[in-house]
Amino acid sequence: MHHRDILRCACAQIEHTPHSPDTLFHKHVEFLEQAHDGQMDLVVFPETSLTGYPPGGDAVRKMAIWADDAKLTALAQKCRHSYGVVGFVEHGRGGNFYNSIAWLHKGEVLKVYRKINLPTYGRLDEGKYFTAGKRSMTLDIDRHWICGGMICADSWDPGQLYLSAMRKSTVLALPIASTKEGVGGGFSNEHGWDIVGRYTAMIYGLPILMCNWTGPHLDMTFWGGSSIFGPDGTRYAHAGAGEELLTAEIAYADVIHARQTMPTVRTLMPQLMLRELPGLME
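Residue numbering for the sequence shown is 65 to 346, as defined by our numbering.
Keep in mind that the hints are not guaranteed to be accurate.
Below, computed lysine-lysine pairings styled on DSS-like, alpha-carbon distance capped at 25 Å [as the list claims (entries may be wrong)]:
| no. | residue 1 | residue 2 |
| --- | --- | --- |
| 1 | 192 | 244 |
| 2 | 244 | 198 |
| 3 | 244 | 91 |
| 4 | 91 | 170 |
| 5 | 126 | 198 |
| 6 | 142 | 175 |
| 7 | 91 | 126 |
| 8 | 91 | 142 |
| 9 | 126 | 175 |
| 10 | 192 | 126 |
| 11 | 135 | 91 |
| 12 | 135 | 175 |
| 13 | 232 | 175 |
| 14 | 126 | 170 |
| 15 | 198 | 232 |
| 16 | 175 | 198 |
| 17 | 175 | 91 |
Everything labelled a hint here was simulated from the structure, so no lab data went into it.
Can you build the whole structure from these sequences, using the hints too?
See the structure below:
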């Protein structure tokens, strides 16, 4: 298997237009073409990027597509060199609906990950209409780059971050759908996400591509602010409030250096978890 010493990364921060799925599709095509022209290796879109973020259960049923939908396949064909990470509301078997991402490459839908941690607090009601995913997931891009995948609130669960580290992720695709008003109570999503991104990247030596929407959602506002964090917790690139293809280069040598300096991944103790968790779950 070949490898890249440098991973050319992009976050495709696009405007939220759920009333116009064709607009969303064509926006994906446009940004994937830009990424191809820029020779990007990995391109991450926001949470539920292809369908729009649903305002409620009725919208989930109307927005949902199957994982073999023609639009996903068409976008995969645009990923001629790059790997694309695209979000969508997934229509699953048995009448279940999932908040999912698909890894796309060279005309194929390679893998589909389903969001596990469904927020149901503040103005977030995902647990009322989505079914939770059952397992964490990574995708091997090459010998160096193992791409982990989480969706928004997944990354606020230390257990899921631990599992991603156990799976040897060397870069994390993190689509989010974060509004200024979503949590409420004076909580700042912008500040919170900056802390989560920097801390997670630093503690695990894990570069992160965090991609948010921009634009309206009901009476709330997606604040943009997509970020690419380096393996030492430094923010390599930061988007504003508008549409943008945010890019950065990540060196594998920097991942190695970060993990030798802060050896969290090397010193993980899953055997302790296995010993302690059964008693805690009684």
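For each hint, the structure was consulted:
{"no.": "1", "hint": "192 to 244", "result": "holds, 21 Å"}
{"no.": "2", "hint": "244 to 198", "result": "violated, 29 Å"}
{"no.": "3", "hint": "244 to 91", "result": "holds, 23 Å"}
{"no.": "4", "hint": "91 to 170", "result": "holds, 19 Å"}
{"no.": "5", "hint": "126 to 198", "result": "holds, 24 Å"}
{"no.": "6", "hint": "142 to 175", "result": "holds, 16 Å"}
{"no.": "7", "hint": "91 to 126", "result": "holds, 20 Å"}
{"no.": "8", "hint": "91 to 142", "result": "holds, 12 Å"}
{"no.": "9", "hint": "126 to 175", "result": "holds, 23 Å"}
{"no.": "10", "hint": "192 to 126", "result": "holds, 16 Å"}
{"no.": "11", "hint": "135 to 91", "result": "holds, 12 Å"}
{"no.": "12", "hint": "135 to 175", "result": "holds, 15 Å"}
{"no.": "13", "hint": "232 to 175", "result": "holds, 17 Å"}
{"no.": "14", "hint": "126 to 170", "result": "violated, 29 Å"}
{"no.": "15", "hint": "198 to 232", "result": "holds, 19 Å"}
{"no.": "16", "hint": "175 to 198", "result": "holds, 14 Å"}
{"no.": "17", "hint": "175 to 91", "result": "holds, 22 Å"}
When the structure is compared with the earlier hints, violations turn up for hints 2 and 14 and for no others.
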